[in-house]
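Peer 1: Protein chains in written order, with my numbering: chain Y, 9 to 807; chain A, 67 to 284.
I should point out that these hints are in silico values taken from the structure, not numbers from a laboratory.
Hints are supplied without guarantee of correctness; some may be wrong.
[Said to hold, decoys possible] Below 30 Å or equal to it, Euclidean Cα-Cα: the simulated DSSO-like pairs (lysine-lysine) are:
(1) Y:K477 with A:K223
(2) Y:K133 with A:K177
(3) Y:K516 with A:K223
(4) Y:K512 with A:K223
(5) A:K177 with Y:K465
(6) Y:K477 with A:K177
(7) Y:K320 with Y:K477
(8) Y:K320 with A:K98
(9) Y:K133 with A:K107
(10) A:K223 with Y:K505
(11) A:K98 with Y:K505
[Stated by the list, open to error] Some chain Y residues close to chain A (C-beta under 10 Å, calculated; not the full set):
(12) R329
(13) V331
(14) D332
(15) R335
(16) T337
(17) A340
(18) I478
(19) A479
(20) V488
(21) D492
(22) L502
(23) D504
(24) W506
(25) N538
(26) L539
Remember, predicted model here, so these are calculated numbers, not experimental data.
A virtual CB, placed ideally from N, CA and C, is assigned to each residue, including glycine.
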Amino acid sequence: MSVLYFWSPHGWVAGSHDDVCPPSSVDNRHGRVRTGRWRSGRDLTDPPGQLPGSCGVHVSAVFQLNPALTNVFPESGLLICIGWVLGGIIYGADMVQTFRLQPFTFFYYLLPPIVLDAGYSMPNKQFMGNLGAILVHAVIGTVWNAASLGLGLWGCWLGGAMGPLQTGLLQLLLFGSLIAAVDPVAVIAVFEEVHVNEVLYIIVFGESLLNDGVTVVLFNVFDAFVSLGGPAINAVEIIKGIISFFVVAFGGSLVGIAFGILISLLTRLTKRTPTIEPAFIFVLGYLSYLTAEFLSLSAILSCTFCGVFCQKYVNTNMSERSVDTVRTTMKAFANGAETVIFVFLGISAIDPAIWVWNTGFILLTLLFIFIFRFMGVFALNLILNQFRLVPFGIIEQLVMGYGGLRGAVAYGLVFLLDEAKYKEKNLMISTTLLVVYFTVMLQGITMKPLVTWLKVKRASTDEASLTEKIANRTFDHMLVAIEDISGQIGHNYLWDKWHNFEEKWLFKILMNPTARKSRDYIFNIFHQLNLKDAMSYVQEGERRGSLAFVRNDSKADVDFNKQFGSDFADMPDIMGPDHIPVPYTLRDSVPSVSLNMHEENQKAREGDDFNAHHLLQQHLYKGRKQRHTYSRKQPVINRDEDEVQEIFQRTMRSRLESFKSAKMGVAQPKKITKHSKKDQTQKMANGKPADDSKIQSYGDEAGIVNPAYIAEMDSNEPMPPWVDEAGEDSGTVAPSQRAQLRLPWTPTNLRRLAPMRLSTHSNDSFLLADSPATQQGTAEPQAPPPPPLQDGRGRGTHM
Amino acid sequence: MGASQSGRAEHEFQDLSDRTRFSLEQVNNLNKRFRQLSNNKETLSREDLASLPDLDNNPIRLQIINAFFDKRNLSQDGVGIVQEISFEEFLMVLSHFQPAAMDITEDNREKLRREKLRFLFNMHDTDGNGIITLEEYRQAVEELLSKAGTIDPDTVKAIADAAMLEVASTTRGKMEPDEFYEGITFEHFLQILKTLNIESTMHVRFRNLDTGNMRCGK
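Isolated chain Y (complex conformation) (with noise of 0.2 Å):
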């Protein structure tokens, strides 16, 4: 008779199983799913129980600051090492482990917000497009793990390999089930080191998350056969387990689904509540997992698909702010959960009372594991690379079934069994147990070498370029088109049909209508590139002391008015009619902005279109980068070093040329503005100069200064030298690229800035700044400049 530690409030009690059962924590009715199970004892929600959770975040942000180490050694194996290191010193301290992860805890609190950023976050493309491959793994493939592993472990275990087990079929197929499914938690800890190319990343992520349904079936029709006994169970039984497959699954989807048209409709309606929609996204998410779990259905599945469903419509609706507050601590959570879970794990293993050593056993199934994972993966590929249009290479199979990892979910699950029913428990515990570490460990280490090893095709880390985006778009239409005209129902067409679908219906009712305007997939990478620059160009501007930049000869006008003419009316107007500063408090709600094309612009037509080119290039930075990976360490991927550092080095640059030149005592910035290409046409076209005096300093070196400016100069110093053109001819407001443009040129370029078509250098001002030797020496020959570029071009104003 086996004597079994429990647990009860009052210590350690010994009793043997006769004296005690505990509850039973899974209902013997088909399809019910296992309710929690709360255990009075320490764990994780009393206050003591958070004690070892905190102590792991901590050192894990410590692991986080060498990644030297984590290079080499996944975070989580860390956190479980941190774990044992934790539970070794609980344990010499109270001689007993009184901290555990009890199943309650994992499931209810740990879980959910993994599942739920995993959900918010997908790449729902690629997801959808590779999603008969990840349910033909998620499903197939896991029964076949639990069937295979069950029946092999019972196999030997009738040969006689594992000694003397009290266990029977069922059980072992029970146990074969809840250690069989992939584990989502695992595979984002290690997956996120080590960056495969998306297609396998989805297909492993997806399977794992998909699974859920699947284990959750298998785990309760198993255990309640084993409650129900051996020879109770007959045909009938079975197939009411296959319903309660599909009820679960399906049902927790459709739940999944309900929650996310709640939140898409909520989200639309919470225009004026900026601060709570990132809330209700949280609390709507979270409540999707718990229905699904009290109505007995898959809470994985449920919380993904709400997730999955909804991040379009929420991310269109809310603002820009609200987002990035969602995502950021989404993955707040999702990360200190994952490092609570993995602390824990390892906490929990130091526990001698639930150390059972059986070597045939334990080997046999991490064999097993690893044998049948493999076969599974390679047979399932080879049926569906018949279909799919992009096959699977050996490599990436390879890869495939290699991250097949098992995790906390399994040890969840093996928690909650009963002892009563299930002598080797706690064999089965320390098998799990075991299991995890090994895949997590072993398996997380060795990812990276091996990826790189078989030269796995890694996640492409530039982002494309507007072109390729737009050529992607051109591709999905054409590829449907082609679909239509011969006739063929592809891959393209249904999603045609559900993007139209999803145009007529979906979006009208679940998407604010003013946000469905600029939902466009292009028009929205165009927008952020407009939107940065115009923030920069704002606080270019406000770093100079005055947004009223006065430059009138330039072609692209900023133009703030495009959106809010009205709210403008009122402001002061210094500039012109036309031209209003941008102010501070309007910074954040700039919507868009366009970055106008002048519009004689089309009017004048020999290189013109060139010459917009080549202003956008001054305006805008390179394919700006939208990632669609994902990764659970940084919030928000698509901020490129090198923008950053071009941006600072150019202000730099240009507060440096600047400065310099005041110091020069020229009043380099005054001739800027009298650069009014119309002026300099005309004046030109003149042959003398309507204003003599200027253009004389232009052509003079530094010498000859004309004091009048000088005296101004110094006396409005600390004031941005254009704002005194107020009184004078020009109303444009030019964006900041262009004065670094201008800046960095000594006066005797500034003759050559007239007739030079605008910028066809490149962005750089300091490279051209570093280069004035050139320029100076080709700015006298070019003295007449070709016939003006710009006709009517009024006062280089726009409209």
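Starting from the known structure of chain Y, fit chain A onto it as the hints suggest.
Peer 2: Relative to chain Y, chain A alone:
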């Protein structure tokens, strides 16, 4: 339509199949489809294609239809537009969309890439001079975004400009002040889109099954 006719058709099909890498069944199916579209005539005209209702939703339908009648797609150095195409030409156009075989060699893969990209290029380059100018590109982007319905033409223009600029900067880098960027040549096109795995993404799976009855052209 006797045995001789079908015999000849068989032979033709075999020939076509060899030339365009479609399998015999695929050729058969596509022929049925062709017949359907062209109302059993020997040649397909623009109106036949334009009358497909599903294409209405497609923003770039005009370009696609034009692509079918563009001689450049039909032969290596064809120029100009034809008004009607025969089945063989229909197949030639569709053959651009075949997937790459699993065991394709590197050279062949590169060739395939070029072919497909050439097709795409031709679609954009409407006047056939080998260069996509800004106007043409604008046209393309406008059509592409036209279905979104809510973007005003200025923005569209600006987007096209920005894209053009990107191309210019990636392919030409810094340019001399007086240089003029005429447009995207095919080489540039190849360059910018080299990261796109076009040989594996740009294709339609031509079924061996007979789906002719499932989708009618009406």
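Peer 1: Can you name, in rising order, the numbers of the hints this structure does not satisfy?
Peer 2: 8, 9, 12, 13, 14, 15, 16, 17, 22, 24 and 26
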